[in-house]
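*Asks:* One-letter residues, chain by chain:
Protein chains: 4
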Amino acid sequence: MHIGLVGLGKMGANMRSRLRERGVEVTGYDRNPEVSDVESLAALVEALPQSPKVVWVMVPSGDITRGVVEELAGLLGEGDVVVEGGNSYYKDDALHAERLAREGIRYVDVGVSGGVWGLANGYGMMAGGAPEDIETLAPVFDALRPDGPREEGFVHAGPVGAGHFAKMVHNGIEYGVMQAYAEGYELLTAQDLVTDVVGTMRAWKRGTVVRSWLLDLLVAALEKDPGLGAVDDYVEDSGEGRWTVDEAIDQAVPLPVISAALFARFSSRQEPSPAMQAVAALRQQFGGHAVRQATPPSEPTPPAEP
Amino acid sequence: MHIGLVGLGKMGANMRSRLRERGVEVTGYDRNPEVSDVESLAALVEALPQSPKVVWVMVPSGDITRGVVEELAGLLGEGDVVVEGGNSYYKDDALHAERLAREGIRYVDVGVSGGVWGLANGYGMMAGGAPEDIETLAPVFDALRPDGPREEGFVHAGPVGAGHFAKMVHNGIEYGVMQAYAEGYELLTAQDLVTDVVGTMRAWKRGTVVRSWLLDLLVAALEKDPGLGAVDDYVEDSGEGRWTVDEAIDQAVPLPVISAALFARFSSRQEPSPAMQAVAALRQQFGGHAVRQATPPSEPTPPAEP
Amino acid sequence: MHIGLVGLGKMGANMRSRLRERGVEVTGYDRNPEVSDVESLAALVEALPQSPKVVWVMVPSGDITRGVVEELAGLLGEGDVVVEGGNSYYKDDALHAERLAREGIRYVDVGVSGGVWGLANGYGMMAGGAPEDIETLAPVFDALRPDGPREEGFVHAGPVGAGHFAKMVHNGIEYGVMQAYAEGYELLTAQDLVTDVVGTMRAWKRGTVVRSWLLDLLVAALEKDPGLGAVDDYVEDSGEGRWTVDEAIDQAVPLPVISAALFARFSSRQEPSPAMQAVAALRQQFGGHAVRQATPPSEPTPPAEP
Amino acid sequence: MHIGLVGLGKMGANMRSRLRERGVEVTGYDRNPEVSDVESLAALVEALPQSPKVVWVMVPSGDITRGVVEELAGLLGEGDVVVEGGNSYYKDDALHAERLAREGIRYVDVGVSGGVWGLANGYGMMAGGAPEDIETLAPVFDALRPDGPREEGFVHAGPVGAGHFAKMVHNGIEYGVMQAYAEGYELLTAQDLVTDVVGTMRAWKRGTVVRSWLLDLLVAALEKDPGLGAVDDYVEDSGEGRWTVDEAIDQAVPLPVISAALFARFSSRQEPSPAMQAVAALRQQFGGHAVRQATPPSEPTPPAEP
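Residue numbers (the numbering used here), protein chains in the order written: chain P, 1 to 306; chain B, 1001 to 1306; chain Z, 2001 to 2306; chain C, 3001 to 3306.
Okay, chain P solo, but in the shape it has when bound (with noise of 0.2 Å):
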């Protein structure tokens, strides 16, 4: 099999690699001629031999993403195939498979997992599209995914969207998870009693409930930076951890856990936060409490609450 792949970021080079060592012919194409193979989309279009043709998208989500549908649509044809493999909202997947059918051109959205360690350990996928589309592109997804039963690391999850969406759900877990074993580690090391955090947490890595590959990551930067002093409590949010609790909120659906996990990440940009200024002033007008000034004196006094 031969396919294109638009756009060879850190994800994309990756996932152009890993589908050559298994077999799979690729035409990647990007801005930056130094790693693109061909000169611009339409000579990859060119260079795709068999049809149907298949295009991987795999470019930053929104308007750049967008564009490049635009522009295959006025390249590729009748029962061609365009995978969008990047971080899509769900409901732009809808705008994109009309957009191309228009041109009889088909669409799979494809939520793509894994990140830097894709390219050795596969990548675990969920795609929306029609079924004859996920038959066409089996070769690819069997090359990507991870060694392993099949359906252990890929699924047809429903109709055009629902790749995305499965996504989308699987990002908002992860903030959940990550804000869980974080306050863990956190309450370990704000005591003197366990004197061994970082051994404490790698001995969670086999045999105990909460072993997981998120732990092991964890793990693994605590063993480079133990006490973490190199890095800023500055944490960003992508998106996905946004739309699933808009989409939650739609749903009537209760996401306590993650929506708490990207309020801390939203509370971890603030400096200063307007809503714990406005609780200091508040004590103060009740209280008569001290408040900290907007430069804290050396020594603030803990005040009672009245």
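Note that these hints are calculated values from the structure, not bench results.
As the structure is a prediction and not an experimental result, all values here were calculated from the model.
Mixed in with the good hints, there may be bad ones.
What the hints assert, rightly or not - In silico PhoX-like cross-links for lysine-lysine, where the CA-CA straight-line distance does not exceed 25 Å:
id : chain 1 : residue 1 : chain 2 : residue 2
1  : C       : Lys3010   : C       : Lys3224
2  : Z       : Lys2205   : B       : Lys1010
3  : Z       : Lys2091   : P       : Lys91
4  : Z       : Lys2010   : B       : Lys1205
Given the structure of chain P, go ahead and fit chains B, Z and C onto it with the hints provided.
*Replies:* Using the frame of chain P, we list chains B, Z and C on its own:
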């Protein structure tokens, strides 16, 4: 009526004033001779003319209260009454009562709310103890409580401990209510559509569902310092919020809002947050995401979640 | 002044009464002929004598409001004013304003708080629109708002949309405040020490930090039905809480308390909770724990966590 | 090596099997004669040939553990070692150690994770105690722990109490992680786009960021009972989650996720929730909203928030 009052700090001194204004004679004792009416606790007890003698204790909770109770156990006698009006943990009340009972001394615990505004407005009070002791203290409660119906500013909540238990829950609620206003305030300031944030909150003072005394105070704070630029986002907690959540856990009562308000205060005091360092470290591990170094660079790049 | 009022449900009818009592003439229209003053929207517009004509819309948000706005676009003319006083989503206001502007009609959005009590107490109002339109409406706002200083019951919060935005945040706060009281109430009922729960909450009405109108209402409910035996624990939400959390997510504002209050409502309506079924199933898997069958056995055994 | 093992319930019996399979001789005692190797605790101590004698205790925490420790204090002697491998509260360990130290008996606490799967997979263990005692027990730990590097399934976490502290935090994390998966599961089931929910979660088992043992178990549960129709949404908690949050409150460590997971369990067991009855009652008060009566009517009307 003539009572003794131990502790003439901000709260105690105000209460002495209000009691005297409303016809209750007060002999006050404080370690600070400048505010004290007598030279010692013994002199205070000596000064009380009627029987039973009533001594109201208004000193910091914990060891200091315990010490005063112990001293009073040696100075008072059969049928006298000690009133603990500070912010004692409700489980300490049983110990105080037991200690005093060995000398035949009665014990009443009172949760007192109102802060610095109590002098003018009166204090809301929740009392725990035996009915006959509450009866004895009626003139004191009536002088301290706000004008209006007795039962809207005073309650005999139950046996010894019930007063401080009720006050503990009152303060737990207070945490949640303050945080709710603070979150709303932050959301109002986070966008450009509402151009008059202070005016908006001021307009909530009458007629709306969220009108309250805490809202009035927040508006007062904002009128003095719109933007709260002079207030640091560092918020103390004084124990009752923690006790409230501890108690809820003992009773298997879910407190999502009150606990969230408590944790927001904890977070406000962290620099940095170990948990969020751990989350940042994790993101770096799986995604090769940029993290902010402990000394942040000027331009963090928002990376994608894999 | 003489205005039109569309929608004479619980809120609209009360507002008509208050306006008339305070000297504003009102012609009201409702689809229900029994409460309507005129037979049609056209007749209502016809009945307004002065120019500009002012029509206040007080119908359910969404499609119905949209329909009324569309109809008014055809009935009113240059310089007339439509006031949307319902619970519209603030993003809809821009659409309404734009539609009406095509006919030269002005648009003001007003968030109205106060519920059934507004007739007697007046309504708290937050308005969005152009200054000259707010000026035109001053007599109406003054009749509707509570007695007392104008700025404590009314605000011109900003341009079109700002009124409903402010009302949305008001309602988000309301969710958090209600939940805080509710959690405190539950903790009071969960143990035996406080023997007078209703009296305790009643005693918070004066002098305490948590005194508020919502507390007054909760006490009123408890006085009628101590134990709340007649009330099911099923709580609706009406949109503003969801919009508030959605907006916060857009703005990266942490709302731990308001979101927890919203999710508590979602949970209250679930029977069963799929999430908690999943947790129960997990415990069974790793620990061989007994789980309650979907039809619970008489005696669940509390099992240990491994 | 030959040790005594007290408590042959589900965990203890499995541990005896694994120890014997891996070359550690075990004499087990249980009150149930059908599973016990000896007739009494005294007989068990008698049966241990070498010095120091090692007795591993694996009985329910609290009074029963306390009783066994007390009994062993009378049976063992100078230099013998008691290992408490149950789910004791870490503060109890100091009491156990002190009691035994009066007889010259050594004490080690071990948090043991792995549930019913430990027999086959080995147990993750965190130990607290003196280095020389940990050394004595090395063959036992090596037999019980999973295959692989020693430090990935066992840690000497610190002095007495550190083992159970570490296990407590482990279980707190477990609560948060389970709830995160459960929330994601619920969101997947709440809409129609993802048509293969079980397959989606199964596809997360390899390659994804959220792969973990708990995910494997949840997939196993779903494969047996898709929809979880046979499982009630009633979730017990066994103490460690509560202790974790209590400890965090003592240490001023924010635990939004772990506490939310704990409270979700509390809520799952309430029928009805007094807090949500209070919120419903409040809505009725201010809005004249319909509330569901305690015996719900067939058609609740979603009312508007004022």
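*Asks:* Run through the hints listed earlier and report the numbers of any the structure violates, in increasing order.
*Replies:* none
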